[in-house]
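Colleague: Same order as they appear, the protein sequences are chains A and B.
In terms of the numbering used here, the first sequence opens at residue 1 and continues consecutively.
In terms of the numbering used here, the second sequence opens at residue 1 and continues consecutively.
To be clear, the hints were calculated from the coordinates, so they are not data collected in a lab.
Note that this is a predicted model, so its numbers are computed, not measured.
Take the hints with a grain of salt, since some may be wrong.
To be verified - When the alpha-carbon atoms are kept at most 20 Å apart in a straight line, the in silico EDC-like pairs for lysine to aspartate or glutamate are as follows:
1. LYS96/A x GLU44/A
2. LYS56/A x ASP94/A
3. LYS68/A x GLU62/B
4. LYS96/A x GLU15/B
5. LYS71/B x GLU99/B
6. LYS14/B x GLU62/B
7. LYS70/B x ASP38/B
8. LYS56/A x ASP66/A
9. LYS96/A x ASP30/A
10. LYS9/B x ASP66/A
11. LYS96/A x ASP59/B
12. LYS57/B x GLU44/A
13. LYS96/A x GLU99/B
14. LYS3/A x ASP95/A
15. LYS9/B x ASP38/A
16. LYS71/B x ASP38/B
17. LYS71/B x ASP95/A
18. LYS3/A x ASP30/B
19. LYS70/B x ASP96/B
20. LYS3/A x ASP59/B
21. LYS41/A x GLU24/B
22. LYS96/A x GLU5/A
23. LYS96/A x ASP96/B
24. LYS3/A x ASP38/A
25. LYS101/A x GLU72/B
26. LYS56/A x GLU44/A
27. LYS56/A x GLU99/B
28. LYS57/B x ASP94/A
29. LYS101/A x ASP38/B
30. LYS9/B x GLU72/B
31. LYS68/A x ASP54/B
32. LYS41/A x ASP38/B
33. LYS57/B x ASP66/A
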Amino acid sequence: ELKVEQNPLFLSMQEGKNYTIYCNYSTTSDRLYWYRQDPGKSLESLFVLLSNGAVKQEGRLMASLDTKARLSTLHITAAVHDLSATYFCAVGRDDKIIFGKGTRLHILP
Amino acid sequence: DGGITQSPKYLFRKEGQNVTLSCEQNLNHDAMYWYRQDPGQGLRLIYYSQIVNDFQKGDIAEGYSVSREKKESFPLTVTSAQKNPTAFYLCASSSDRPEAQYFGPGTRLTVL
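Put together the whole structure using the sequences plus the hints.
Modeller: What follows is the structure in structure tokens.
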């Protein structure tokens, strides 16, 4: 059974600091996704990672994938208040996509 | 504009009633999904469909039913057999793997 674990589940950080969110998954997969959700809203796709060693960056967010360790990271550089949201990783296996519980990120001014 | 629509945005239901949530997409995507979101639980897969007239159970299908008679539409019925239906329901679609899913705006269902 495919399980996806994120940590931390809640993160409060100061503006300007760096931090990393971790996503571990239990079985092999050919694709990993990162999404953002604002309170009361739907999900927005951030990154799709398909191969070992893949790295993608958009603004202050950078995602990477290590398929051997079954680990993906979402790194936040010099955080700003606008990045406050809940971030989900999701892992695909066959036709299913299974989500982690999400990391609620609160950035303090 | 292409996208996914869900209706209604808010839905109130009395215990013992069935209710149907609408999901429509005009992205020409083959695959469609239903997820349930509860606070602190992330998203849990209810049903998914890769092609018209075919669908599979997800991890929490009990108390729910779906149909996929048209490519554009994937309605979800929450039956009276679902013991705790109050939640935020999200519909998503995607083209061939490995593309990311596009999500609708969600329906917030409350059972009174």
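Colleague: Give a verdict on every hint.
Modeller: The hints, checked one at a time:
| no. | hint | verdict |
| --- | --- | --- |
| 1 | LYS96/A x GLU44/A | holds, 18 Å |
| 2 | LYS56/A x ASP94/A | violated, 23 Å |
| 3 | LYS68/A x GLU62/B | violated, 35 Å |
| 4 | LYS96/A x GLU15/B | violated, 31 Å |
| 5 | LYS71/B x GLU99/B | holds, 18 Å |
| 6 | LYS14/B x GLU62/B | holds, 19 Å |
| 7 | LYS70/B x ASP38/B | violated, 29 Å |
| 8 | LYS56/A x ASP66/A | holds, 13 Å |
| 9 | LYS96/A x ASP30/A | holds, 11 Å |
| 10 | LYS9/B x ASP66/A | violated, 38 Å |
| 11 | LYS96/A x ASP59/B | holds, 10 Å |
| 12 | LYS57/B x GLU44/A | violated, 24 Å |
| 13 | LYS96/A x GLU99/B | holds, 12 Å |
| 14 | LYS3/A x ASP95/A | holds, 15 Å |
| 15 | LYS9/B x ASP38/A | holds, 16 Å |
| 16 | LYS71/B x ASP38/B | violated, 28 Å |
| 17 | LYS71/B x ASP95/A | holds, 17 Å |
| 18 | LYS3/A x ASP30/B | violated, 25 Å |
| 19 | LYS70/B x ASP96/B | holds, 17 Å |
| 20 | LYS3/A x ASP59/B | holds, 11 Å |
| 21 | LYS41/A x GLU24/B | holds, 18 Å |
| 22 | LYS96/A x GLU5/A | holds, 16 Å |
| 23 | LYS96/A x ASP96/B | holds, 12 Å |
| 24 | LYS3/A x ASP38/A | violated, 24 Å |
| 25 | LYS101/A x GLU72/B | violated, 29 Å |
| 26 | LYS56/A x GLU44/A | holds, 16 Å |
| 27 | LYS56/A x GLU99/B | holds, 15 Å |
| 28 | LYS57/B x ASP94/A | holds, 14 Å |
| 29 | LYS101/A x ASP38/B | holds, 10 Å |
| 30 | LYS9/B x GLU72/B | holds, 19 Å |
| 31 | LYS68/A x ASP54/B | violated, 34 Å |
| 32 | LYS41/A x ASP38/B | holds, 13 Å |
| 33 | LYS57/B x ASP66/A | violated, 30 Å |
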